[in-house]
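> Sequence:
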Amino acid sequence: GTVRFGGDPKSAPLDPLCKAYDHENLYVVDASFFPSSAALNPALTVAAQALRVGEHLRATLA
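In case it helps, the numbering used here puts the sequence shown at residues 17 to 78.
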């Protein structure tokens, strides 16, 4: 399955940095997160998003 991310917790369980709105310190950074259904192979998108969220985590948790 997939998990939608977005800026409104009423329409997506994850925020734009893939952090769960309802659970503190829970991030989803694998092939299950997308703003909408993927039409093409998502490998590069998944890698780029994982790097982006990783940088955010390093900056906020360091």
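Warning: the hint list may mix true and false statements.
[Said to hold, decoys possible] Calculated cross-link-like contacts (lysine to aspartate or glutamate; reagent style EDC-like; alpha-carbon spacing at most 16 angstroms):
no., residue 1, residue 2
1, 35, 24
2, 35, 46
3, 26, 71
4, 26, 38
[Said to hold, decoys possible] What follows is a list of derived Cβ distance ranges for each label pair:
no., residue 1, residue 2, range
5, 37, 61, 17 to 23 angstroms
6, 71, 42, 24 to 30 angstroms
7, 55, 77, 30 to 36 angstroms
8, 78, 57, 28 to 34 angstroms
9, 26, 78, 18 to 24 angstroms
10, 73, 50, 29 to 35 angstroms
11, 25, 57, 27 to 33 angstroms
12, 74, 17, 26 to 32 angstroms
By construction, these hints were calculated from the structure, which means they are not laboratory data. Idealized CB from N, CA, C, for every residue including glycine.
> With reference to the structure, classify each hint as holding or not holding.
Comparing the hints with the structure gives:
1. Taking the CA atoms of residue 35 and residue 24, the gap is near 12 angstroms; set against the 16 angstroms cutoff, the hint holds.
2. Proposed proximity of residue 35 and residue 46 is supported: the alpha carbons are some 12 angstroms apart, at most 16 angstroms.
3. Straight-line distance between C-alpha atoms of residue 26 and residue 71 comes to about 26 angstroms, which puts the hinted pair past the 16 angstroms bound.
4. With a C-alpha separation of about 11 angstroms, the suggested pairing of residue 26 with residue 38 holds against the 16 angstroms cut-off.
5. Hint check: residue 37 to residue 61, Cβ distance near 22 angstroms, so the stated range 17 to 23 angstroms holds.
6. As the Cβ distance of residue 71 to residue 42 is approximately 18 angstroms, the hint placing it in 24 to 30 angstroms is violated.
7. Checked against the hint of 30 to 36 angstroms, the C-beta distance between residue 55 and residue 77 comes to roughly 34 angstroms, which is consistent with it.
8. A hinted range of 28 to 34 angstroms for the beta carbons of residue 78 and residue 57 is consistent with their spacing of about 33 angstroms.
9. Hint check: residue 26 to residue 78, Cβ distance near 32 angstroms, so the stated range 18 to 24 angstroms is violated.
10. Between residue 73 and residue 50, the C-beta spacing of about 20 angstroms breaks the proposed range 29 to 35 angstroms.
11. Checked against the given bound of 27 to 33 angstroms, the beta carbons of residue 25 and residue 57, roughly 29 angstroms apart, stay inside it.
12. Between residue 74 and residue 17 the beta carbon distance is about 28 angstroms. The supplied range of 26 to 32 angstroms therefore holds.
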